[in-house]
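**Student:** Here are the chains, one letter per residue:
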Amino acid sequence: MPPGSPLGRVVEIAEEGRHLLKERGFLVVEAGGEELGRVPLDDIAALVATARGTSLTTSLIAALAERGTPVVLCGANFAPVALVFPLAGHHAQQRRMEAQLAATRPLAKRLWAQVVAAKLRAQAAALASAGLPSAALARLARSVRSGDPENAEAQGARRYWPLMMGEGFRRDPSLPGANALLNYGYAVLRAGVARAICAAGLHPSLGIFHRHPHNPLPLADDLMEPFRPLVDLEVRALVAEGASEVDRVAKRRLAALLLADVPTAFGTSPFATALMRCAASLAESYLSGVPALEFPMLSAEGGNVIAEPDFPVGLSGHVDVRDVRSSGDDEV
Amino acid sequence: MFDLPVTTKSERRAAAKFRLWLLDQGWEMSQFSVYLRWCASKEQAERWLREISRNLPGTGKVHVLMVTDRQFEQMTVFRGRSRAGKRPKPEQLTLF
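So the protein sequences, as listed, match chains G and C.
Per our numbering, the very first residue in the first sequence carries number 1; after that it's consecutive.
Per our numbering, the very first residue in the second sequence carries number 1; after that it's consecutive.
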């Protein structure tokens, strides 16, 4: 493994008619036969194509797949419609996928409870850092039981969205404005999580609890749940600053989340690395049969994330909002 | 920066192999025999140093010089007689 990875650079193809190819260790972007620029393949965390009429060579896709780098193709409104995903991502992949397949229903339900509790805690922390009432969600996070039979996730969402984005807000991926900004942020996050899952030797099609028949990446969607509030917080800030569309500035801000330094149980690391650790903790849970998911926790001030070290079976539940570093959006 | 002997066939082969290895790893040619790569941290730069020492061509001289983002940005580049644009460090999001 070259020391180059993962730098976590997000490469987005946002303008029409680009041609992408691989040349030695580089992704080369061309338009009309002219080279516009090149990026070392090892530095790329995700390649996101939002523009129409982009062409890519198969050798480029193969080279990115070898590095476990997802290629995300977006449709209208920045919603991802396809993801090119590597077949092999980890040396112990077979053993891990078998463990993942063989996971018992009780284990899956306890893992799901941990995901939901972590999501609610993250939502509570995000609200708290925006100066909004968060106690209800924190309380809800403590009440999550195995398999989330009371659907605390949905209860949380009903309280969370009006607080986070304003009373009139409705989360609908087909709408413009804040919804499109959220789509974009989630697309970047989903790509980061997908890469982490693959690097951990797990299969993205096998969700933890939900088995979504029409979704190719249910596991990525499961695992990214607790990280979504990080995007929500940034979108909230963007909207407050008057952003109404997904422009260059907004994209840069949202993509920067992947490389933001976050404090974790093992010290400060880039967010992308924390995602890797989260996916690895899921693989470990499948192998050992003991659910021990490791989610960094969202904290105050512009998207800090804090890992809660080894909380027992998803129900320990105090909200720990330590303000370790104050700024999440400084240049990395 | 490297200065590799290319008098015998095997030396030429070793030099070409080293150069292509650099390119495969994402090192960009700045000038002939001068290659550069941006690193996120000093630790990463040091890891590259070890990686290079493992892939040396066997003969000739290789210099590895680490410069900071600031020093790199302050570099003045002339192309022909005119001054070329400065190159900032790569950003998180690269838009094309």
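In short, the hints are calculated from the structure, not lab data.
Be careful, since some hints might not be right.
Claimed, not checked - Mimicking DSSO-like on lysine-lysine, the simulated pairs with C-alpha atoms at most 30 Å apart in a straight line are:
(1) 109(G) <-> 9(C)
(2) 22(G) <-> 9(C)
(3) 42(C) <-> 61(C)
(4) 61(C) <-> 17(C)
(5) 109(G) <-> 61(C)
**Student:** Given the proposed pairing of residue 61(C) with residue 17(C), does the C-alpha separation stay at or below 30 Å?
**Tutor:** Holds: residue 61(C) and residue 17(C) sit about 15 Å apart, inside 30 Å.
**Student:** Quickly compare the C-alpha distance for residue 109(G) and residue 61(C) to 30 Å and report which way the hint goes.
**Tutor:** It is violated: about 60 Å lies between the C-alpha atoms, which goes past 30 Å.
**Student:** Within 30 Å, alpha carbon to alpha carbon, are residue 42(C) and residue 61(C)?
**Tutor:** Judged against 30 Å, a Cα distance of about 23 Å means the pair holds.
**Student:** Take a quick look at whether residue 109(G) and residue 9(C) sit within 30 Å of each other, Cα to Cα.
**Tutor:** violated, 64 Å
**Student:** Is the straight-line distance between the alpha-carbon of residue 22(G) and that of residue 9(C) 30 Å or less?
**Tutor:** Given that 30 Å is the threshold and the Cα spacing comes to 29 Å, the pair holds.
Against the hints set out earlier in the document, violations occur for numbers 1 and 5.
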